[in-house]
Amino acid sequence: MENLNNDYRSQLIAKNIEYYGPRFAKFDEEGKKTSWNWFAFLVPFCWFAYRKMYAVCIAYYVITTGLHTAINEILASIGHFTDVGWTIDVVFMFLSGIYGNWLYKNKIDKNVERCIRLPEDKRGKYIKRWGGTSVLAI
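One gets our numbering by counting positions in the sequence shown from 1 and adding 118 to each.
Incorrect hints may have been included.
Keeping only pairs whose Cα atoms sit at most 20 Å apart, straight-line, the calculated EDC-like set for lysine to aspartate or glutamate is [said to hold, decoys possible]:
#1 LYS225 with GLU136
#2 LYS133 with GLU148
#3 LYS228 with ASP125
#4 LYS133 with ASP239
#5 LYS150 with GLU238
#6 LYS243 with ASP125
#7 LYS144 with ASP227
#8 LYS144 with ASP125
#9 LYS225 with GLU147
#10 LYS150 with ASP227
#11 LYS246 with ASP227
#12 LYS150 with GLU136
#13 LYS240 with ASP146
By construction, these hints were calculated from the structure, which means they are not laboratory data. All of these numbers come straight from a predicted model, not from anything done at the bench.
Could you build the full structure based on these sequences and the hints that come with them?
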């Protein structure tokens with residue numbers, strides 16, 4: 119069963135399996151949740167969309183935009199008109215860089231579980247839809 123899971127995991131990752139495979143294995147072996155991903159750090163919104171992590175992508179946008187707006191409004195209400203939203207952006211960029219691979223692993227593992235529950239004739243279509251990357255999303 120584990121070989122089947124790894125096969126589906128590889129198919130769902132599709133691109134850069136040589137990068138993600140060892141990291142995911144390390145997460146599994148050591149129970150870690152952190153590693154570093156430069157793309158998740160530099161362009162988190164685009165990276166989440168590219169890796170078809172749409173819910174995380176939307177949550178990232180809503181949370182960072184909401185915090186950015188709320189903090190600037192609070193500061194403006196007390197007479198400070200300095201935009202400190204960039205600090206929120208930097209904090210969330212670091213969080214994305216540190217936890218991005220782990221979030222991606224969780225997404226892939228959930229899709230492996232869903233794929234295994236499907237009838238065998240529907241698995242290929244599922245993998246094509248939910249696996250790999252999406253250039254159009256970015």
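How the hints compare with the structure:
Distance check on the hinted pair: LYS225 and GLU136 sit about 18 Å apart at the alpha-carbon level, within 20 Å; holds. Between LYS133 and GLU148, the direct Cα distance comes to roughly 24 Å. Violation of the 20 Å bound is thereby established for this hinted pair. Annotation: proposed proximity of LYS228 to ASP125 holds, straight-line Cα distance about 14 Å (limit 20 Å). At roughly 23 Å between alpha-carbon atoms, LYS133 and ASP239 are farther apart than 20 Å, so this suggested pair is violated.
A threshold of 20 Å between alpha carbons decides the hint, and for LYS150 with GLU238 the separation of about 32 Å lies outside it, so the pair is violated. A C-alpha spacing of about 15 Å is found between LYS243 and ASP125, which places the hinted pair at or below 20 Å, so the restraint holds. Among the hinted pairs, LYS144 with ASP227 is consistent with the structure: their alpha-carbon atoms are about 14 Å apart, no more than 20 Å. Using a Cα cut-off of 20 Å, the hinted pair LYS144 and ASP125 holds, with the two alpha carbons roughly 17 Å apart.
With a C-alpha separation of about 18 Å, the suggested pair LYS225 and GLU147 falls inside the 20 Å cut-off, and the hint holds. A distance of roughly 15 Å separates the Cα atoms of LYS150 and ASP227; the hinted pair therefore holds under the 20 Å criterion. Between the alpha carbons of LYS246 and ASP227 the distance comes to roughly 15 Å, so the proposed pair stays at or under 20 Å and holds. A threshold of 20 Å between alpha carbons decides the hint, and for LYS150 with GLU136 the separation of about 19 Å falls inside it, so the pair holds.
About 27 Å separates the Cα atoms of LYS240 and ASP146, which puts this hinted pair outside 20 Å; it is violated.
Checked against the numbered hints given earlier, the structure breaks hints 2, 4, 5, 13 and satisfies all the rest.
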